[in-house]
Amino acid sequence: MTIELDAEQRAFRDGAGQLAADVAGNWRLGRGPADVSSPEPSAADWSRMAEAGWFGLRLREENGGMGADAVYAGLLVEQVARHALAAPVAGTLIAAEQLQAHGADPDVLSAVAAGELRIAPLLRPDLTEFAAGGEALAWDSAGADFAVSVDDGATHLLAEPDGGIDLTRSVRVPLAEPPASPPGVSCRPLSQADRARVGAFALAMLTADLLGTMEAAHAAAVDYAKTRRQFGAPIGSFQAIGDIAAEQLVLVEATRSAMWYATWSVDALAPADALRAARMAKAFAARAAVEVCESAVQVFGGIGFTWEFPAHVWLRRAHASRRVFGDEHHQEAILAARIFEVA
Amino acid sequence: MDFTEPADVARFRAELRDWLAAEAAAYSGRVGYESDQSLARTLEWYQDLARAGYVGVSLPIEYGGGGLPDAYEAVINEELAAAQAPPPPPIGHIAHAISDFASHDLKRRVLPGLLDCTAPWCQGFSEPGAGSDLASLTTSARLDGDSFVVNGQKIWTSGALWAHWCLLLVRTEPDAPKHRGLSMLVVEMASPGIDRRPITLANGSREFAEVFFDDVRVPRGNLVGERGQGWRIAMHMLTYERGPADMGFVGRLGQVLGAALDAVRAGHSAADEQLRRRLISSMIDLQVLQWQVSRSLASRDTAVSASGSVDKLLTTRVEQRLHHVLVDLAGASFVLADQPFADYVWSRAQSVYGGTQQIQRRIVAERLLGLPRG
Chain A
24 MTIELDAEQR
34 AFRDGAGQLA
44 ADVAGNWRLG
54 RGPADVSSPE
64 PSAADWSRMA
74 EAGWFGLRLR
84 EENGGMGADA
94 VYAGLLVEQV
104 ARHALAAPVA
114 GTLIAAEQLQ
124 AHGADPDVLS
134 AVAAGELRIA
144 PLLRPDLTEF
154 AAGGEALAWD
164 SAGADFAVSV
174 DDGATHLLAE
184 PDGGIDLTRS
194 VRVPLAEPPA
204 SPPGVSCRPL
214 SQADRARVGA
224 FALAMLTADL
234 LGTMEAAHAA
244 AVDYAKTRRQ
254 FGAPIGSFQA
264 IGDIAAEQLV
274 LVEATRSAMW
284 YATWSVDALA
294 PADALRAARM
304 AKAFAARAAV
314 EVCESAVQVF
324 GGIGFTWEFP
334 AHVWLRRAHA
344 SRRVFGDEHH
354 QEAILAARIF
364 EVA
Chain B
230 MDFTEPADVA
240 RFRAELRDWL
250 AAEAAAYSGR
260 VGYESDQSLA
270 RTLEWYQDLA
280 RAGYVGVSLP
290 IEYGGGGLPD
300 AYEAVINEEL
310 AAAQAPPPPP
320 IGHIAHAISD
330 FASHDLKRRV
340 LPGLLDCTAP
350 WCQGFSEPGA
360 GSDLASLTTS
370 ARLDGDSFVV
380 NGQKIWTSGA
390 LWAHWCLLLV
400 RTEPDAPKHR
410 GLSMLVVEMA
420 SPGIDRRPIT
430 LANGSREFAE
440 VFFDDVRVPR
450 GNLVGERGQG
460 WRIAMHMLTY
470 ERGPADMGFV
480 GRLGQVLGAA
490 LDAVRAGHSA
500 ADEQLRRRLI
510 SSMIDLQVLQ
520 WQVSRSLASR
530 DTAVSASGSV
540 DKLLTTRVEQ
550 RLHHVLVDLA
560 GASFVLADQP
570 FADYVWSRAQ
580 SVYGGTQQIQ
590 RRIVAERLLG
600 LPRG
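Each protein sequence line maps, in turn, to chains A and B.
Each residue of the first sequence is one higher than the one before, counting from 24 in our numbering.
Each residue of the second sequence is one higher than the one before, counting from 230 in our numbering.
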């Protein structure tokens, strides 16, 4: 039992963090809503991420990927969120996972891995689960070429992004008309086990995403508390601020444990067990992330609710990711149904 | 990253489970500190456990320990909780302090009785004027010939009434800075000049006592480590006070939650939709706490001691939230019966004993986050 990152995992995490920080440096929050950069990364930046192997991380070798286990995907998504990187990395990883489980053509998956074909997952309009026919929204789809409705294999072009609180990611509506030349996505239906495994993966990725966002907000708040002076002393020396910072670190570390377990279990446990673990991890992270980001806003004081300071970027991401694939109430309702309605 | 249990630990767990299936039922619900009878049963339980080889498994073999990693202590704590058996004797931190710091001679004299549980121990740290500010304690030990002469008072001393030995934190260097003036002594509780008075807790438990020292002579050879090293040893002990025992604690909270879920499912407890959701929320909290504690345990070698404070704070949050749910689940019986309140009020102690919530936050803020001292 070794519940820590090994040298290879740490090296991967650090490398991903460096690239994420680097690319995130090209994005501008600007001075107001009209001024903010697009959530779609430049073609050059997208290529760098593809070359780093990010998009094919989970794809098997025959599909042009690296076949890494889900712990690596979690570390990647955490780092992307840690730098509030405006690029649909989590969405691509989830959609690729989904397509691979459906047995999509290796050519299509290889193109995804290479960054040549950009895909996004389709969720129900309430964002709680993968779409199952009917109305849908493509989440984390900035720059995506299309979204696949995996239940019928239909591919959808996507409308232009239409707002939303998350400045670093897009939600787009699928268009009714099919693409002129639909990519060759032959989909077989998912077994119940595959469905659970893909669901567990998606929830684990959102847990990782929330973790990264919490870390970013918390670390910035702690740094600020060390330098911001009031009453002749750094505010971090006041117990009222130290207590907030300490309690929020507890939530960050607990979420890290949950993220590690959830990502590990995707490949190590039976699908139903992995899904159950991921639901619990996501529920905890959803509640914790909002609390940590709200606390950070409090520590920052007035600057925390100005546009130019990124506290609201983290709070926006936390709220968005909390809802995507279901917030804590959604997960708790499902778990409650399992426990109380069996008899 | 691997949360799977290694085969040898799993084998140890299976053997322990078999042993518990045969032995534990006799003790279930009959131990405690409320009466002489239940106390006698508690001490018997400790000795049974020791004879079967389940006490001090992480201590060196030459002093009667098992020479195994901490993970095995965690398994014992977990399995005892799962079997609803009484907890193991809370002596790991004392045993490690003696094993890691005491002279060979002192170890030979006291460790066997500690580990076979024939000689109960207590830990004399807190004083009326030194709770959270432990390092300001004033119980003094003055060297006089071949003995230290101890004067002062300890309080909240768990198990002091029946202990044979006490690991006592005293001030030996009154002129040194407060953290450097402390030393650790092993004191025989039958020594002349020791007076013990019980403290009954709000839930009725009689586990605690205050202890008075009036010119108590302690042989010089009972000094643990060096003079002035007391604070360092005390801090070393705190890292052992948690860890493996946390797994048992989480397991016991899991039993409490499981019983509540069963009662609702069987229709014995009425729970509306909101209360059911709160139970599930507590179930999630407990699961995350278990992941967190497992992680701390599995990376103990590299962990700084302040990370124990993170676990303590999380445990406090989870336990107290769970008990708020249980208070509501108990309905009117929370007001009309005694037991639900007794269970609940003990959950309030979690944020006080072993370092208060405020002290733990201070440790995290200063040592883990590097925030400036106030």
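Any given hint could be a false lead.
[As the list claims (entries may be wrong)] Label pairs and their computed distance ranges (CB to CB):
#1 B:Pro403 with A:Met24: 45 to 51 Å
#2 A:Gly55 with B:His553: 55 to 61 Å
#3 A:Ala256 with B:Ala571: 53 to 59 Å
#4 B:Pro403 with A:Ala263: 31 to 37 Å
#5 B:Ala281 with A:Asp45: 35 to 41 Å
#6 B:Arg577 with A:Arg211: 55 to 61 Å
[Unchecked claim] According to the in silico footprint, chain B covers these stretches of chain A (three or more CB under 8 Å from chain B):
#7 28-41
#8 80-89
#9 266-277
#10 326-332
Bear in mind the hints are in silico, worked out from the structure with no lab data behind them.
No residue lacks a Cβ here, since even glycine has one placed at the ideal position from N, Cα and C.
The hints, checked one at a time:
no.	hint	in the structure
1	B:Pro403 with A:Met24: 45 to 51 Å	holds, 47 Å
2	A:Gly55 with B:His553: 55 to 61 Å	violated, 43 Å
3	A:Ala256 with B:Ala571: 53 to 59 Å	violated, 44 Å
4	B:Pro403 with A:Ala263: 31 to 37 Å	holds, 35 Å
5	B:Ala281 with A:Asp45: 35 to 41 Å	violated, 59 Å
6	B:Arg577 with A:Arg211: 55 to 61 Å	holds, 56 Å
7	28-41	holds (count 3)
8	80-89	violated (count 0)
9	266-277	holds (count 8)
10	326-332	violated (count 0)
Consistency note: the structure conflicts with the earlier hints numbered 2, 3, 5, 8, 10.
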